[in-house]
Each structure stands twice: as C-alpha cells, then as structure tokens.
Amino acid sequence: MSATLGALLRLVEPDWTITVIERLDGAAAESSDPWNNAGTGHSALCELNYTPQQPDGSIDITKAITVNEQFQVSRQFWAHSVQNNVLTDVRSFLNPVPHVSFVAGADRVEYLRKRRDALAANPLFATTEFINDADEFARRLPYMATGRDFSEPVGLNWTTEGTDIDFGSLTKQLLNFGVRSGTSVLFGHEVRNLSRDGDGWSVKVRNRRTRATRTINSRFVFVGAGGDALPLLQKAGIPEAKGYGGFPVGGQFLRASNPAVTSQHQAKVYGFPPLGAPPMSAPHLDTRIINGQPWLLFGPFAGWSPKFLKHGKFTDLPLSVKPNNLGSMLGVGMTQMDLTAYLIRQLALSESARVDALREFAPSAVDSDWNLIVAGQRVQVIKPKDSGFGGTLEFGTAVLASNDGTIAGLLGASPGASTAVPAMLDVMSRCFPKHYRQWLPRLTEMIPSLGTKLSDEPKLFDEVWNWTQQTLGLQAPAVEGA
1 MSATLGALLR LVEPDWTITV IERLDGAAAE SSDPWNNAGT GHSALCELNY
51 TPQQPDGSID ITKAITVNEQ FQVSRQFWAH SVQNNVLTDV RSFLNPVPHV
101 SFVAGADRVE YLRKRRDALA ANPLFATTEF INDADEFARR LPYMATGRDF
151 SEPVGLNWTT EGTDIDFGSL TKQLLNFGVR SGTSVLFGHE VRNLSRDGDG
201 WSVKVRNRRT RATRTINSRF VFVGAGGDAL PLLQKAGIPE AKGYGGFPVG
251 GQFLRASNPA VTSQHQAKVY GFPPLGAPPM SAPHLDTRII NGQPWLLFGP
301 FAGWSPKFLK HGKFTDLPLS VKPNNLGSML GVGMTQMDLT AYLIRQLALS
351 ESARVDALRE FAPSAVDSDW NLIVAGQRVQ VIKPKDSGFG GTLEFGTAVL
401 ASNDGTIAGL LGASPGASTA VPAMLDVMSR CFPKHYRQWL PRLTEMIPSL
451 GTKLSDEPKL FDEVWNWTQQ TLGLQAPAVE GA
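Residues in the sequence shown are numbered consecutively from 1, following UniProt numbering.
Mixed in with the good hints, there may be bad ones.
Straight-line distance between alpha carbons at most 27 angstroms, and here's what the computed BS3-like set of lysine-lysine pairs gives [what the hints assert, rightly or not]:
| id | residue 1 | residue 2 |
| --- | --- | --- |
| 1 | K235 | K63 |
| 2 | K310 | K322 |
| 3 | K235 | K313 |
| 4 | K204 | K322 |
| 5 | K242 | K385 |
These aren't lab readings, by the way, just hints derived from the structure by calculation.
All chains, please: the whole structure from these sequences, using the hints.
Right, here's the structure in full:
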C-alpha cells in the first residue's frame, strides 16, 4: 500500500519530498512477502464469500462486482506503469492462472450453477463457466481428480482470467521507481512516536541498529504498517481512530514443490470456509509462481500470536487495549464465540490432520510432498458501534483519515493488496481534495476507467481489458493444460 501511494504521488507531484520509513532491513519482508500471503489477484472470480446466496435462493453479486471493479483499477495502473518503466519486470510479479470455485454435494453444485448464471450476465464475469462433468473435471484438475469418488456430485466455476501475484516483487519495483525518482527510503528504522507539529506532524524515528533517533517533520503522513498501523494511529491520537481495536490472526499453509505434483494442478481453486470460520479462511489449493518456479499452496490454517506483525512483539495486543476501545474489544469477544471455537480447533490440528483437510481437495495427496510454512500475521479490525456498548469485527480493508487530511492509515486484511490502487486513490482524494481535482487528468491517463463503473460500460471494459491483457502479457495461462 505504501509503495503504491508513493508511486502515485511521485507520478502526479514529481517535485514533492517523500520519505519511506521501513522497520525491517529490506522491502516487502512482512505481509507483502510472497510466502506471507496467498498471492491471489482478488477479483471475486473464485471467492465464494463475495457471492452469498439469499434466503429466496438468488445469488447476490453486489460485493463481487465491487471487488472486481477495484481490481480493474489496479490492473490499469500496473499496465500504465509497465508502459512507462515504473514497473520493469512484469512477469516477476504477475502471471495468468485460472481462478476456480469448487464445491461438492448436490445443493452446493446447484448453488454454483446459479452463481455462474448470475455472474455471466455481467461483462466483468462473462467468461465464467459452470462444470459438473467428472471427465471434464479430471481433464482440468487432474491432481484433484485422482482418487476422487465421483459418486458425490462436484461442481466448478472456472475462468481463465485470474492472476497469481508476487506482491513482494511488485512492492520492490514500485519502491525502486520511487528511489530512482528522488524518494528516500530508510530501512531498519522504526517510528517511535507521532505528534502534532503545527499544520503537520513530527515523526520520531529510531535507527534499530545504532539506536540513534531523529525527527522528521511532514505535512502529511501515511501509516501503511500492516498490523502495526493501529498502534501507530493510536499514538497519533486522532479522534477518527478512537474506539478501534484489532485482533491478530496468524496464517499457515501447506506447500509443495515436487514437479510431479505441481505439473498436475494449474489453478487457484477456492472452496467454502468451514462452519463458524471467517470469510478469509476459505480453503484454497493454489498454483504460485515465485521467482519463476511453480509451487502449490494449500490453506490457510489459522495460527495465533499476540503479535501484530510476524516480526512484531508479544506485547502488541495487550498494549493496543486502551480505555476508549476496551468496550469494542470486549463486545466482540462476547459475540464471536464461533470464531473463538474455530481458532481453538485450528490450533489443535496435527500435521496429519492438515493433510487430511487437503485431501478434501486432493484425495491422493501424500504427506511427504507437503511441508508446513508460517505465513504472515493479519489484524482484523474491531470497529466501534455507532452507539452503545461493543464493537463489530470487520473482515475488509478500511482507510482511516483525519478530518484535516494530514494523516491516514490502512487497517484490515482482505481483499488487501489487490485493491491497493483504488485504496490509495481514496487516500489521495480524501487527504488532498484540492490537489486531487488538478491530478484527475493525469490520473485518468493512467487509469482510463477512473470514476466509471466498467460493469455499466461494456465497450470501455473491452478496451481497457484488451489493453491490460496485452501490456501485462496475460493472454494465456502461465502453465499449459488448463
């Protein structure tokens, strides 16, 4: 998020002074690291939680359209960035991989049929297929078909228009552009405090190696610190952050690199989340392309730590509890018993139990092909209720900004980095309203559909889709057989 905002601001205001402060010794070593996230270009092509079934049996695709529209904005900015040498190696961060929804059981297969019919009427999802034939299933997903008892009905929604993203590579390229264009990046530096300084902010920074401190004064601060954004916004003392809390949830994945396995599965296949589990826990069996090598990932499995970052502190959670958010956090704790039970079950899973979960997707999975890796930490936002006691647990991505527009921060996890460009455009419009009007012509050059709903403009969608497909090299899957 920070790298995206820095690149956008550099492109519209090349003379502004921009400093990036990074706590770790390298770029994208936390949430953006490719092994710390699922690498899915979230565009609602396969994620079933974005297409809920209503009590009358109909499928609500409102959220799916919103998420896909956001991803189209990101795609256009990336395509413009490739054409203008902002991003110099597109294949290192973006690869075409089919996105697939998978279900078993007659009722759920019927749901997928209805889902496909609802989505296909929209130009953003027109290529979505419905598949319930066992032979076709086996042709497209041989690893998942091997050893499967097809007496139970299975169904797929399939589209070749999905992507796998190495957000670490993307982040590094955006920061490299910033450095080439005059941005300063301080690695190994930690923000210790933020305080008002006239019309701006005084940022106290400590060098983690030498322990030396310095103060940076800025008219605007963006807090893009992943799970640590909440504590930093609390230190800033802005009223807009009052009452907000956070609950950390760790992630784990099974990972395979055996070519005999990876060659048999070339897709990102998403299922339904377990009963009582949050939407972000939907199991998925994913093709990943990292440093040019194909991998398979299955998960996520929940872990738990009071740390707000993978490289955080065990005191992160207790120190985030303040008098103004105690009620919100206690209220969520008393109402989210299903989530608590889910976390306890997840923490109790043995290694063999995790592979058993994988076998619901791939019945022939062999334990020795898979090893467990620890992914990143996510902090789910606890939002205070508008009135009364308690709070609500939010599973989306939210931007908090001060009323005067001098500071903003990003909270939440999903759909996360896939929507970095529209999220940061939101920051720019809210924090620099006068400048934003002047920037619009330049921004529209980068993002031709800016301010337009592509789902309502099929002709414009076709134009920008064909442009981004060609520029980003997404015309065909990265691996054959799909």
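Results for each hint:
1. K235 <-> K63: violated, 33 angstroms
2. K310 <-> K322: holds, 22 angstroms
3. K235 <-> K313: This hinted pair holds, its Cα atoms lying about 16 angstroms apart.
4. K204 <-> K322: Roughly 22 angstroms separates the two Cα atoms, so the pair holds.
5. K242 <-> K385: holds, 11 angstroms
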